[in-house]
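Visitor: Here is what each chain is made of, one letter per residue.
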Amino acid sequence: MAIQLPIFMDYHSTTPVDPRVLEEMIPYFTQKFGNAASRSHAFGWAAEEAVDYARERVAKLVNAQSEKEIVFTSGATESNNVALKGVAEFYKDKGDHIITTVIEHKAVLDTCKRLEKEGFRVTYLPVAKDGLVDPAAVEAAITDKTILVSIMLANNEIGTVQPLEAIGKITRAKGVLLHSDAVQGVGKVDFDVQKMNVDLASITAHKMYGPKGVGALYVRRSKPRVRLVAQMDGGGHERGMRSGTLNVPSIVGFGKAAEIMRLEGKAEGVRLLALRERLRTKLQSKLEETYVNGSMEHRLPGNLNISFAFVEGEAMMMAIKDVAVSSGSACTSASLEPSYVLRALGVGDELAHSSIRFGLGRFNTEEEVDYVADLVIAKVNHLREMSPLYEMHKEGIDLKSVAWVAH
Amino acid sequence: MAYSEKVIEHAENPRNVGTLDKDDPNVGTGLVGAPACGDVMRLQIKVSDDGVIQDAKFKTFGCGSAIASSSLATEWIKGKKIEEAEAIKNVDIVNELNLPPVKIHCSVLAEDAIKSAIADYRAKQAAKRGAAE
Chain R
1 MAIQLPIFMD YHSTTPVDPR VLEEMIPYFT QKFGNAASRS HAFGWAAEEA
51 VDYARERVAK LVNAQSEKEI VFTSGATESN NVALKGVAEF YKDKGDHIIT
101 TVIEHKAVLD TCKRLEKEGF RVTYLPVAKD GLVDPAAVEA AITDKTILVS
151 IMLANNEIGT VQPLEAIGKI TRAKGVLLHS DAVQGVGKVD FDVQKMNVDL
201 ASITAHKMYG PKGVGALYVR RSKPRVRLVA QMDGGGHERG MRSGTLNVPS
251 IVGFGKAAEI MRLEGKAEGV RLLALRERLR TKLQSKLEET YVNGSMEHRL
301 PGNLNISFAF VEGEAMMMAI KDVAVSSGSA CTSASLEPSY VLRALGVGDE
351 LAHSSIRFGL GRFNTEEEVD YVADLVIAKV NHLREMSPLY EMHKEGIDLK
401 SVAWVAH
Chain V
1 MAYSEKVIEH AENPRNVGTL DKDDPNVGTG LVGAPACGDV MRLQIKVSDD
51 GVIQDAKFKT FGCGSAIASS SLATEWIKGK KIEEAEAIKN VDIVNELNLP
101 PVKIHCSVLA EDAIKSAIAD YRAKQAAKRG AAE
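Protein chains in written order, with the numbering used here: chain R, 1 to 407; chain V, 1 to 133.
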């Protein structure tokens, strides 16, 4: 089969809507268009029924005890904001301390920064070289003023999967709430709010082949019953936790996407792991001085974050412009700072600038992986021929011994 | 970020990539930037006895705009007297390549690389004269 360009290998950024998902959504735009809050007529009832069904499907994906524990939002950024700010505001008389990690998504980190300005104290736990947080460090950081621990399921850049079950045992024993930004991992790796003692979890549809603009916050209703202060005031939708007319077609799509993930996610993970390993072994067997960032063992099956030394990430992306990937290079951001996640792992700035994130997903094929591997190998070699650093490396010069003039 | 057509053209077809003999007294080498900052440029010039840049080569570790800036710099300085090459300003490169504000440092680095290569050439020539006297 001929390769179709461009090739999408950036499934951590977003995913296409699965055609099966779209099919279920369509009637809710033009025919069953009612407001789910309209209690007085058939249009409203049809919409409400569809939302309830979606709520059940999403609840099942995370193994919630009740579908009432699912609050629909506009996406994971909102879910993270509500979880952190809502819990902080409700429990502020109990304590003022929150624990998180340095590699969380900005939606968590910047929310924590905001809470710090409002007087809360936040501990940002480091991660080890493999990108994992130590549960013992979580335990050691908990004080009698700690109200919430927020730790992601899987990292969006390096795909590392955190030991949530071990962390959940600790937070439950200490009587502290546990929130997890589960956006990248849910459906792809084990995630079970009951087994892991997770009290709040943020998820989003567009990372699991559903539409953009819809997400959910799981909020535990018993043992313990989690309370939070709504951050969006209005008609009191979603049991008062999130006002605003429900986005029915997208919620329907989210439900279908969640069901597909629940039924097919495991098998899909096996396939993606094989593709990822095919890509990795091809690259590493043909290219010297390449380094995988983050744990290989505790990692999303579709994630490969790899640094090609002596080649700058953005130049690399330009050279493979028919392949959509992402880079931890500074040049991809306005700040000119390389990835804070790679820095947290202790990856040197030069290797952070050389990193490429491949995110494999549902619609990638073996042919695409082979095409991309060959292209990347050729372009890395080409760019290394243009790289003064590679020439110096070949001459045996230790790049760390050079007195560089930073600008 | 979208690149200008000229940046893409230079990045895909870079001019004058290569290495000159750094031990040749008529060759000046400039090495600027730092790996930790994400860009390093090495620009080399070979100067005739009457002060004309006969050849220029570069190698760059950096983004497409950094590669394009150094490629353009070598193209511009070839055939110029060193005083003329010295007068090239980073804004000239910014204007020619339509670099956005976030990429202006690439043009600064290219200007620094030209100046650094010329300084190296002059230091070598001074050393040669000193040895001859």
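Hints listed in this document are in silico derivations from the structure and should not be mistaken for laboratory results.
One or more hints might be untrue.
DMTMM-like mimics (lysine to aspartate or glutamate), calculated; alpha carbons at most 20 Å apart, straight line [as the list claims (entries may be wrong)]:
id	chain 1	residue 1	chain 2	residue 2
1	V	K22	R	D398
2	R	K85	R	E118
3	V	K124	V	E83
4	R	K394	V	D23
5	V	K78	V	D55
6	R	K379	V	E9
7	R	K321	V	D24
8	R	K321	V	E5
9	R	K321	V	E12
10	V	K6	R	D322
11	V	K124	V	D50
12	V	K22	R	E385
13	R	K379	V	E12
14	V	K46	V	E9
15	V	K22	R	E395
16	R	K60	R	D192
17	R	K394	V	D21
18	V	K22	R	E391
19	R	K379	R	E289
20	R	K212	R	E366
Quantities reported herein were computed from a predicted structural model and do not represent experimental measurements.
Visitor: Against each hint, give a clear statement of whether it holds in the structure.
Guide: How the hints compare with the structure:
{"no.": "1", "hint": "K22/V with D398/R", "verdict": "18 Å, holds"}
{"no.": "2", "hint": "K85/R with E118/R", "verdict": "10 Å, holds"}
{"no.": "3", "hint": "K124/V with E83/V", "verdict": "17 Å, holds"}
{"no.": "4", "hint": "K394/R with D23/V", "verdict": "18 Å, holds"}
{"no.": "5", "hint": "K78/V with D55/V", "verdict": "6 Å, holds"}
{"no.": "6", "hint": "K379/R with E9/V", "verdict": "16 Å, holds"}
{"no.": "7", "hint": "K321/R with D24/V", "verdict": "39 Å, violated"}
{"no.": "8", "hint": "K321/R with E5/V", "verdict": "14 Å, holds"}
{"no.": "9", "hint": "K321/R with E12/V", "verdict": "11 Å, holds"}
{"no.": "10", "hint": "K6/V with D322/R", "verdict": "19 Å, holds"}
{"no.": "11", "hint": "K124/V with D50/V", "verdict": "15 Å, holds"}
{"no.": "12", "hint": "K22/V with E385/R", "verdict": "18 Å, holds"}
{"no.": "13", "hint": "K379/R with E12/V", "verdict": "11 Å, holds"}
{"no.": "14", "hint": "K46/V with E9/V", "verdict": "25 Å, violated"}
{"no.": "15", "hint": "K22/V with E395/R", "verdict": "13 Å, holds"}
{"no.": "16", "hint": "K60/R with D192/R", "verdict": "9 Å, holds"}
{"no.": "17", "hint": "K394/R with D21/V", "verdict": "16 Å, holds"}
{"no.": "18", "hint": "K22/V with E391/R", "verdict": "13 Å, holds"}
{"no.": "19", "hint": "K379/R with E289/R", "verdict": "15 Å, holds"}
{"no.": "20", "hint": "K212/R with E366/R", "verdict": "27 Å, violated"}
Checked against the numbered hints above, the structure violates hints 7, 14 and 20; every other hint is satisfied.
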